[in-house]
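Asker: Sequence:
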Amino acid sequence: MEKSPRQWVVYILECGDGSLYTGITNDLQNRIQAHENGLGAKYTKGRGPLILRYQEDCPNRSVASKRELEVKQFTRLEKLALISNVEVC
641 MEKSPRQWVV YILECGDGSL YTGITNDLQN RIQAHENGLG AKYTKGRGPL
691 ILRYQEDCPN RSVASKRELE VKQFTRLEKL ALISNVEVC
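To get the numbering used here, take the position in the sequence shown, counting from 1, and add 640.
Treat the hints loosely; a few may be bogus.
Said to hold, decoys possible - The calculated lysine-lysine pairs, modelled on DSSO-like cross-linking and capped at a C-alpha distance of 27 Å, are:
#1 682 with 719
#2 712 with 682
#3 719 with 706
#4 706 with 685
#5 719 with 685
#6 712 with 685
#7 682 with 706
These aren't lab readings, by the way, just hints derived from the structure by calculation.
Kindly generate the complete structure, drawing on both the sequences and the hints.
Answerer: Laid out in C-alpha coordinates, this is it:
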(Lines of atoms letter the chains of each structure in order from A and count residues from 1; the text may use other names and numbers.)
(Lines give C-alpha, C1' and ligand atoms only; values in the text may rest on other atoms or scores of the structure.)
Protein backbone atom coordinates (compact mmCIF):
# COMPACT_ATOMS: atom_id res chain seq x y z
CA MET A 1 0.00 0.00 0.00
CA GLU A 2 1.37 3.41 -0.98
CA LYS A 3 1.69 6.11 1.66
CA SER A 4 -0.27 9.27 1.05
CA PRO A 5 1.97 12.28 0.40
CA ARG A 6 2.57 14.52 3.36
CA GLN A 7 1.55 18.15 3.37
CA TRP A 8 4.36 20.62 2.66
CA VAL A 9 4.78 23.30 5.30
CA VAL A 10 6.60 26.63 5.49
CA TYR A 11 7.70 27.18 9.08
CA ILE A 12 9.44 29.79 11.21
CA LEU A 13 11.52 28.85 14.23
CA GLU A 14 12.61 31.29 16.90
CA CYS A 15 16.16 30.49 17.97
CA GLY A 16 17.51 30.86 21.50
CA ASP A 17 19.28 34.09 20.49
CA GLY A 18 15.96 35.58 19.32
CA SER A 19 16.70 35.23 15.61
CA LEU A 20 14.16 33.71 13.23
CA TYR A 21 14.78 30.81 10.85
CA THR A 22 12.45 30.03 7.93
CA GLY A 23 12.33 26.65 6.21
CA ILE A 24 10.11 24.10 4.46
CA THR A 25 9.44 20.43 5.08
CA ASN A 26 6.89 17.70 4.54
CA ASP A 27 7.49 16.27 8.03
CA LEU A 28 7.49 19.13 10.51
CA GLN A 29 8.01 17.15 13.73
CA ASN A 30 10.99 15.26 12.34
CA ARG A 31 12.50 18.41 10.84
CA ILE A 32 12.27 20.32 14.12
CA GLN A 33 13.83 17.37 15.91
CA ALA A 34 16.64 17.33 13.33
CA HIS A 35 17.25 21.04 13.95
CA GLU A 36 17.31 20.47 17.72
CA ASN A 37 19.80 17.60 17.30
CA GLY A 38 22.14 19.72 15.18
CA LEU A 39 21.22 17.83 12.00
CA GLY A 40 19.09 20.55 10.41
CA ALA A 41 20.30 23.74 8.78
CA LYS A 42 23.74 25.07 9.72
CA TYR A 43 22.06 28.29 10.84
CA THR A 44 20.14 26.65 13.68
CA LYS A 45 23.07 24.57 14.95
CA GLY A 46 24.03 25.86 18.39
CA ARG A 47 21.20 28.40 18.46
CA GLY A 48 18.78 26.40 20.61
CA PRO A 49 16.42 26.12 22.21
CA LEU A 50 14.20 26.36 19.14
CA ILE A 51 10.53 27.29 19.30
CA LEU A 52 8.07 26.78 16.44
CA ARG A 53 6.43 30.18 15.96
CA TYR A 54 4.64 29.77 12.63
CA GLN A 55 3.56 27.15 10.13
CA GLU A 56 1.70 27.51 6.83
CA ASP A 57 0.42 24.55 4.82
CA CYS A 58 1.17 24.47 1.10
CA PRO A 59 -0.28 22.12 -1.54
CA ASN A 60 3.11 20.97 -2.89
CA ARG A 61 6.88 21.49 -2.69
CA SER A 62 6.95 24.05 -5.49
CA VAL A 63 4.45 26.33 -3.78
CA ALA A 64 6.21 25.84 -0.43
CA SER A 65 9.60 26.76 -1.94
CA LYS A 66 8.20 29.93 -3.51
CA ARG A 67 6.52 30.94 -0.26
CA GLU A 68 9.70 30.18 1.71
CA LEU A 69 11.69 32.51 -0.55
CA GLU A 70 9.03 35.19 -0.14
CA VAL A 71 9.06 34.91 3.66
CA LYS A 72 12.88 34.84 3.80
CA GLN A 73 12.87 38.20 2.01
CA PHE A 74 10.61 39.73 4.67
CA THR A 75 12.09 42.09 7.21
CA ARG A 76 12.17 40.91 10.81
CA LEU A 77 9.18 43.17 11.53
CA GLU A 78 7.21 41.59 8.68
CA LYS A 79 8.06 38.09 9.94
CA LEU A 80 6.95 39.00 13.45
CA ALA A 81 3.71 40.41 12.02
CA LEU A 82 3.16 37.19 10.08
CA ILE A 83 3.74 35.18 13.24
CA SER A 84 1.26 37.28 15.20
CA ASN A 85 -1.11 37.56 12.20
CA VAL A 86 -0.90 41.36 12.12
CA GLU A 87 -0.79 43.35 8.90
CA VAL A 88 2.25 45.63 8.49
CA CYS A 89 1.88 48.83 6.48
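Asker: Please write out, lowest number first, the hints stated earlier that are contradicted by the structure.
Answerer: As far as the earlier hints go, not one is violated by this structure.
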